[in-house]
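Q: What follows is each chain in one-letter form.
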Amino acid sequence: DAGITQSPRHKVTETGTPVTLRCHQTENHRYMYWYRQDPGHGLRLIHYSYGVKDTDKGEVSDGYSVSRSKTEDFLLTLESATSSQTSVYFCAIRGAGTGNNEQFFGPGTRLTVL
Amino acid sequence: QQQVKQSPQSLIVQKGGISIINCAYENTAFDYFPWYQQFPGKGPALLIAIRPDVSEKKEGRFTISFNKSAKQFSLHIMDSQPGDSATYFCAALNDYKLSFGAGTTVTVRA
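Sequence order for the protein chains is A and B.
The first sequence runs 74 to 187 under this note's numbering.
The second sequence runs 8 to 117 under this note's numbering.
Simulated from the structure, these hints should not be mistaken for laboratory data.
It is possible that some hints are incorrect.
[Stated by the list, open to error] Facing chain A, according to a computed beta carbon distance under 10 angstroms, are these residues of chain B, among others: (1) Y39; (2) R58; (3) S106.
[Claimed, not checked] Part of the chain A face toward chain B, derived, beta carbon under 8 angstroms: (4) Y104; (5) L118; (6) Y121; (7) G124; (8) S134; (9) G136; (10) Y137; (11) F163; (12) A169; (13) G170; (14) E175; (15) Q176; (16) F177; (17) G179; (18) P180.
Small disclaimer: the values here were computed from a predicted structure and weren't measured.
Ideal Cβ positions, reconstructed from N, Cα and C, are used throughout, including at glycine.
Let the hints inform the model, and build the full structure from the sequences given.
A: Right, dumping it as structure tokens:
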């Protein structure tokens, strides 16, 4: 599991409420990613981080924000959840070392927005 | 718009048979092509990966074939086993970011 935990693992929320998902890693990897997984779309990148306070958008970033105040934690926030954000969310880290392109995924968070 | 196109969406194979999954891409800036295996309720796990300067890579029963000129790559699962039943995703990397195919659900019948 590459030392990645996600919390919560399951969440049901109402439309319009704020939601924060947490990704925690234990190995001081510089790069961290948030993806969402939906049937027929595979995994799509929401946001990623390349260091503390350094973040950038992915292909489906609208409606999401992220923060990384310390190396081990990467937070994904839905400011006002919508039903279209019902999905499974995965955090990933990039392996250590120059030229290492491997990404390792956490166990996922299943989010349902009613 | 999906940058990596994957087919088929699903396949069924008999135990001992060969499973073949195909992917195609357009962006020539992609420089690393991994395959992930995912079981229900779990996160994707890296299975095997290839760089574009190599035409084939084999690890155990899993082989990637890569055709740079055609911008296509494929995963072959030899001697398929019931434990290989999972969803497989191809992906392509550019600038530290992965683009994924839509996934293929493989079912191996005993």
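Q: If a hint holds in the structure, say so; if it does not, say that too.
A: Hint check:
no.: 1; hint: Y39; in the structure: holds, 4 angstroms
no.: 2; hint: R58; in the structure: holds, 9 angstroms
no.: 3; hint: S106; in the structure: holds, 8 angstroms
no.: 4; hint: Y104; in the structure: holds, 6 angstroms
no.: 5; hint: L118; in the structure: holds, 6 angstroms
no.: 6; hint: Y121; in the structure: holds, 7 angstroms
no.: 7; hint: G124; in the structure: violated, 12 angstroms
no.: 8; hint: S134; in the structure: violated, 12 angstroms
no.: 9; hint: G136; in the structure: violated, 19 angstroms
no.: 10; hint: Y137; in the structure: violated, 16 angstroms
no.: 11; hint: F163; in the structure: holds, 5 angstroms
no.: 12; hint: A169; in the structure: violated, 13 angstroms
no.: 13; hint: G170; in the structure: violated, 13 angstroms
no.: 14; hint: E175; in the structure: holds, 6 angstroms
no.: 15; hint: Q176; in the structure: holds, 6 angstroms
no.: 16; hint: F177; in the structure: holds, 7 angstroms
no.: 17; hint: G179; in the structure: holds, 5 angstroms
no.: 18; hint: P180; in the structure: holds, 5 angstroms
Consistency with the previously given hints fails for numbers 7, 8, 9, 10, 12 and 13, ordered from lowest to highest.
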